[in-house]
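Peer 1: Modelling step: build the complete structure from the supplied sequences, incorporating the hints.
If you read the sequence shown in the numbering used here, its first letter stands for residue 27, the second for the next number, and so on.
Hint data in this document are derived by calculation from the structure and do not stem from the laboratory.
Here the structure is a predicted model, which is why all the values come from computation and not from measurement.
Cβ coordinates follow ideal geometry from the N, Cα and C atoms, glycine included.
Be aware that a few hints might be false.
To be verified - Lysine-lysine pairs mimicking BS3-like chemistry, simulated, CA-CA at most 30 Å apart:
{"no.": "1", "residue 1": "64", "residue 2": "101"}
{"no.": "2", "residue 1": "175", "residue 2": "64"}
{"no.": "3", "residue 1": "175", "residue 2": "213"}
{"no.": "4", "residue 1": "64", "residue 2": "201"}
{"no.": "5", "residue 1": "101", "residue 2": "205"}
What the hints assert, rightly or not - Per label pair, the in silico range of CB-to-CB distance:
{"no.": "6", "residue 1": "107", "residue 2": "58", "range": "24 to 30 Å"}
{"no.": "7", "residue 1": "89", "residue 2": "61", "range": "28 to 34 Å"}
{"no.": "8", "residue 1": "213", "residue 2": "93", "range": "24 to 30 Å"}
{"no.": "9", "residue 1": "200", "residue 2": "103", "range": "15 to 21 Å"}
{"no.": "10", "residue 1": "155", "residue 2": "213", "range": "45 to 51 Å"}
{"no.": "11", "residue 1": "107", "residue 2": "49", "range": "33 to 39 Å"}
{"no.": "12", "residue 1": "196", "residue 2": "64", "range": "30 to 36 Å"}
{"no.": "13", "residue 1": "162", "residue 2": "132", "range": "22 to 28 Å"}
{"no.": "14", "residue 1": "178", "residue 2": "208", "range": "16 to 22 Å"}
{"no.": "15", "residue 1": "90", "residue 2": "49", "range": "18 to 24 Å"}
{"no.": "16", "residue 1": "212", "residue 2": "160", "range": "33 to 39 Å"}
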Amino acid sequence: MMNRLGVTWFVACLALSLSACANIDVKTDHDPTVDFAKFQTYAFAGLTEIDKTGVYDNSLMRKRIEAGLSRELEKKGFRRVELADHPDLRVHYWVGIKEKQRIESTGGYYGGMYGWRGGYGWGAGYGGGVQSYDYNEGTLIVDLVEPVKNELVWRATMVAPLEDTTDENLELGRKALEKAFEEYPPKKPSP
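Peer 2: Structure below.
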């Protein structure tokens with residue numbers, strides 16, 4: 027009995043962790059003419075402020091984002107340097123938080139049923155309802171820019187519903203960055 031309960035909890039936790047990862051929308055784009063093999067060093071250009079509206083500027087969060095980006099870039103063989111050391115790539119990023127609302131229909135019941143003596147009938151039924159849920163959606167955009175030409179060579183956009191705690195959001199960010207850098211460096215298009 028206890029073993030069965032443990033397996034059930036394990037499966038439930040696994041399903042929850044997989045569904046959390048599935049809710050992260052990650053898109054990447056790159057310049058197909060660029061030779062990504064030549065890039066070996068990077069430096070952070072900091073939080074890019076395009077527009078104050080919706081930008082989440084928090085020094086603690088900035089440190090965490092840079093640590094996560096460094097972890098992923100170093101997995102790919104990059105070495106961090108300072109901007110004054112003329113890096114091969116400048117890393118720009120920005121974060122936004124937007125209030126969102128999800129609306130779900132609860133469906134309805136139309137009254138069809140089987141009777142307890144084998145009969146079949148129709149009843150009045152009911153039309154169901156609608157529920158709305160408010161939540162915050164976080165967006166992290168990461169740009170890799172070639173400083174010599176000042177051209178964007180790679181971009182990742184990550185969007186996900188935010189969780190209730192900082193720890194949950196840190197894990198969400200870690201998974202988003204891992205997913206974004208899975209296919210880095212981009213494969214050269216076949217001729």
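Peer 1: For the range 33 to 39 Å, tell me whether the beta carbons of residue 107 and residue 49 fit it or not.
Peer 2: Cβ of residue 107 to Cβ of residue 49: about 35 Å, so the range 33 to 39 Å holds.
Peer 1: Next pair to validate is residue 64 with residue 201; report whether the Cα-Cα distance is within 30 Å.
Peer 2: Holds, because 27 Å separates the two Cα atoms, which is no more than 30 Å.
Peer 1: Holds or violated: the 22 to 28 Å window for the beta-carbon distance between residue 162 and residue 132?
Peer 2: The hinted range 22 to 28 Å holds for residue 162 and residue 132, with Cβ atoms some 24 Å apart.
Peer 1: Starting from the range 16 to 22 Å, see whether the pair residue 178 and residue 208 falls in it by beta-carbon distance.
Peer 2: 20 Å, holds
Peer 1: For residue 196 and residue 64, compare the CB-CB distance with the range 30 to 36 Å and indicate the outcome.
Peer 2: At roughly 33 Å between Cβ atoms, residue 64 and residue 196 fall inside 30 to 36 Å, so the hint holds.
Peer 1: Below or equal to 30 Å on CA atoms is what counts here, so check residue 101 against residue 205.
Peer 2: Distance of about 13 Å is within 30 Å: holds.
Peer 1: Between residue 90 and residue 49, does the beta-carbon spacing fit 18 to 24 Å?
Peer 2: With a Cβ separation near 20 Å, residue 90 and residue 49 satisfy 18 to 24 Å, so the hint holds.
Peer 1: So the hint says 28 to 34 Å: do the beta-carbon atoms of residue 89 and residue 61 match that?
Peer 2: 32 Å, holds
Peer 1: Looking only at beta-carbon atoms, does the pair residue 200, residue 103 fall within the given range of 15 to 21 Å?
Peer 2: 20 Å, holds
Peer 1: For residue 175 and residue 213, compute the direct alpha-carbon distance and say whether it is at most 30 Å.
Peer 2: Roughly 22 Å between the alpha carbons, so the hint for residue 175 and residue 213 holds.
Peer 1: If I claimed the Cβ atoms of residue 107 and residue 58 lie 24 to 30 Å apart, would that claim hold in this structure?
Peer 2: 26 Å, holds
Peer 1: So does residue 213 sit 24 to 30 Å from residue 93, Cβ to Cβ?
Peer 2: 28 Å, holds
Violation of the numbered hints given earlier is absent; every hint is satisfied by the structure.
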